[in-house]
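Mind docking chain B on chain A? Use the hints.
So the protein lines, in turn, are chains A and B. First residue of the first sequence? That's 1 in this note's numbering, and the numbers climb one at a time after it. First residue of the second sequence? That's 1001 in this note's numbering, and the numbers climb one at a time after it.
Be a bit skeptical, because a hint or two may be false.
Unchecked claim - One side of the interface only, derived from the structure: several residues of chain A facing chain B at Cβ under 10 Å:
{"no.": "1", "residue": "GLU33"}
{"no.": "2", "residue": "LEU43"}
{"no.": "3", "residue": "TYR47"}
{"no.": "4", "residue": "GLN243"}
{"no.": "5", "residue": "GLN250"}
{"no.": "6", "residue": "GLU594"}
{"no.": "7", "residue": "PHE595"}
To be verified - Think about it this way: if two alpha-carbon atoms lie no more than 30 Å apart in a straight line, the pair counts; the simulated DSSO-like pairs of lysine-lysine are:
{"no.": "8", "chain 1": "B", "residue 1": "LYS1108", "chain 2": "A", "residue 2": "LYS520"}
{"no.": "9", "chain 1": "A", "residue 1": "LYS26", "chain 2": "B", "residue 2": "LYS1091"}
{"no.": "10", "chain 1": "B", "residue 1": "LYS1117", "chain 2": "B", "residue 2": "LYS1091"}
{"no.": "11", "chain 1": "A", "residue 1": "LYS26", "chain 2": "B", "residue 2": "LYS1117"}
{"no.": "12", "chain 1": "A", "residue 1": "LYS321", "chain 2": "B", "residue 2": "LYS1108"}
Claimed, not checked - Not everything, but these chain A residues come out facing chain B in the computed CB check (under 8 Å):
{"no.": "13", "residue": "LEU37"}
{"no.": "14", "residue": "MET247"}
{"no.": "15", "residue": "MET560"}
Because the hints were derived from the structure by calculation, they are not lab data. Predicted model only: the values in this text are computed from it and were never measured. Note that the Cβ used here is the ideal one computed from N, Cα and C, for glycine as well.
Spelled out from the first residue to the last, the chains are:
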Amino acid sequence: MILDTGKNTEISGWREIIKPSIDILKRMAGTTEDVFLQIGSELQMFYQRSAEISGMANQLVATVSGDNVKSLTMSLERMMADMDSYLASARSRSADSCATLQQVQTLLDKLSEPLEGFQKMNKTLRMLSISTKIESARLGELGSGFVNLAMDVEKLSHQVNEKSAGIMAHRQLLFTMIAANLADVRSTEAQQNTKVKSILHDTAENLHSLVQINESCNRFGETVAVVSNEVTVSISEVVSSMQMHDMTRQQLEHVVEALERLTSELSDANLSADNNAGLQRLVIEAGDVCELQEAQLRFASGELYNAVCIIIENLREIARKQSVIAEDTATITGAADSGGSSFVDVMSNGMAAVTSVLSSCADADRTMTETMKKVAQTIDEIAAFVTDIETIGSEIDLIALNSQIKAALTGPEGAALGVLAEAIKRLSDEAVRQTDSVAATLTEIHSVTEYLLLDSEDDENQLGTRISAMQSELAATLGSLGSMNSEMNHVLSSLKSRVLTLTEDVERATAGVVVHEQTKGMADTVLANLELIVAESRRIEPASNEFKENLRHMEAHYTMESERHIHEALARKRSGQSAIVSQVAVNSSIDESEFGDNVDLF
Amino acid sequence: MAKLIMSADDSASVRQMVAFTLKQNGYDVVEAVDGRDALNKLNTQKVDMLLTDLNMPNMDGIGLIKGVRAGSLNKFIPIVMLTTESNDTKKAEGKAAGATGWIVKPFKPEQLIAVVKKVLG
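In isolation and in its complexed conformation, chain A is listed as follows:
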């Protein structure tokens, strides 16, 4: 084919297309370094912060899964068993106390009969006193000594009345006190039963939660390690992709070198119309060079674009993984629910309620002991009244004896007085019988209450010590829980804050990375220029089958296997073979080293 002179002008115009393209490529190769250095600096910072976050997550997990919590769990289990045992014995004591008090009530009922007897005795004594006075008056001088006896009898009847009234009052007092105490005990017992069931249930659940959290944390430690490894993989991807900048720069330099050589070839001298064969060869070469460099540039630009996308995606992945760790850590440690309260808070409240129940148990014990003391004291007071009545009975007996003697001395006229003296004597016997009955009942009450009192005092001392020990242990446990809670909240708060700022910083840093879009835009401009030259050159002179041979000299400039692959692919295309250039093809070398196919140790 013979080229006309118009073509010379067209070909020389390619130089004006190539020169600005070279400028663009040089800018493209030289201006990305600072951006990548900035990304590299931030990568190191993100890596450091990510490692700190993983460390904090591990610390948090260690806090909940460590020996401290195991010891706390064991302590709580022991305390629950103690509490259960204590409350069972408290219920048993309460039942015993109630039974005893009911027994005392029954015994107090038995006092009714002798007390009625005392009242009858009192009436009879008064009647006998009056009868004695009447009979004494009838006898006149002979019965003068009986008046004094009648007055003594009347006085004793008053005393019997007074003492029996005292006994009745004390008996009523005991009834009232026992009834009130029984009501209190039963009410406390009912409340305790409900409260204790609820607390034991909650405490058992919290204990179960603690055990579960402890187990989960042990497993979560492995998750944190896995995530840390995943972060390491992401970092590895970033480090690997960061090198694409240097590789792309070198590829661009090779493209620039090729295009500069072509520009030189397209000199005015070579474009002389006299050298038609040379011009024809130059058109073919321009097409070949531009087609090859277009392929090289497209590949390099694509590689750089993908590398930056990988960098951005992996940096975001690092932040996302740490966010997941922070959220999982909060959930797994039970540090806070949606309402913001932790299981430790719930457990602390439960423990405080337990303390309250134990205190109320101790109060109930003390109240029961006090009641028993009051019962014993009242019984002693009743016993004193009984002793007084016994004394009165003895005095009545003496009066009856004196009356009988005086009646005998008076002779037949005193027969009636003798009958009265006999009646008084029977009353003294009745008094003895009634006081014996009351005394026997009181002895029975005394023995029952004394047994309970001694029992209560012993129990109170033992249980007081036991409650103090449990309360001390609870206080220590609450202290440990509080410390753990405080540490967990502190670390978690710090963890969340760090993850948030890391996520924000990564988002800010990656959002600002536009180098791949910029370089793609620059590359697209150059690619369009090269496509134009390829199209024009092919229109003037179709592609040669000797493409590979013509461009063999270019192979010497390649440093990268990918470049050689592209070259080969285009050569095959010119030979009618497949020209697919893919990353798979580029990386298809056999793995020859234990370190990877890109490593050789000599």
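For chain B alone, kept in the frame of chain A given last:
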């Protein structure tokens, strides 16, 4: 005491990534911007290992290796090329000059560390 490794590369971002990878794994790093800078530093500073690029201004990686092997202070240290060059002829040239190993970019951090551990024993 941490081992000291020199990283010679004309690309600041590559030096940055090499240093980051090594420091993360407990090594100390000294950097050089090209072969001449590296050789100057190696004449006065003892290091445990040299990682060098091949294509650098002023003095390339092969020249650097020859210089180091001809010197005395770091004559016997392991030298690993870290380059985009994968040509077997170049590798043979590097080996002949005294290179211990050859890593083609892009490298994975774990690859680099595995090689460093291997050559440093």
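* Asked: Does the structure keep LYS26/A and LYS1091/B at a Cα separation of 30 Å or less?
  -> holds, 29 Å
* Residue hint MET247/A, partner chain B, criterion CB-CB below 8 Å -> holds, 5 Å
* Taking 10 Å as the limit, does the beta-carbon of GLU33/A come near enough to a beta-carbon in chain B? -> holds, 6 Å
* Is the shortest C-beta separation between TYR47/A and chain B less than 10 Å? -> holds, 7 Å
* Asked: Can the hint on GLN250/A be confirmed by a CB-to-CB distance to chain B that is less than 10 Å?
  -> holds, 6 Å
* **Pair hint LYS26/A and LYS1117/B, alpha-carbon separation not exceeding 30 Å** => violated, 38 Å
* Proposed interface contact between LEU43/A and chain B, which counts if any beta carbon pair is under 10 Å -> Holds - the Cβ of LEU43/A comes within 10 Å of chain B, reaching about 7 Å at its closest.
* Pair hint LYS321/A and LYS1108/B, alpha-carbon separation not exceeding 30 Å -> holds, 21 Å
* **Interface hint for PHE595/A, Cβ within 10 Å of any Cβ on chain B** => holds, 5 Å
* Asked: Measuring from the C-beta of MET560/A to each C-beta in chain B, is the shortest one below 8 Å?
  -> With a closest approach of 5 Å, the MET560/A hint holds.
* **Hint status (Cβ of LEU37/A to nearest Cβ of chain B, threshold 8 Å)** => Holds: closest Cβ of chain B sits about 5 Å from LEU37/A, inside 8 Å.
* Asked: Measuring from the C-beta of GLN243/A to each C-beta in chain B, is the shortest one below 10 Å?
  -> holds, 4 Å
Violated hint: 11 only; the structure is consistent with all others.
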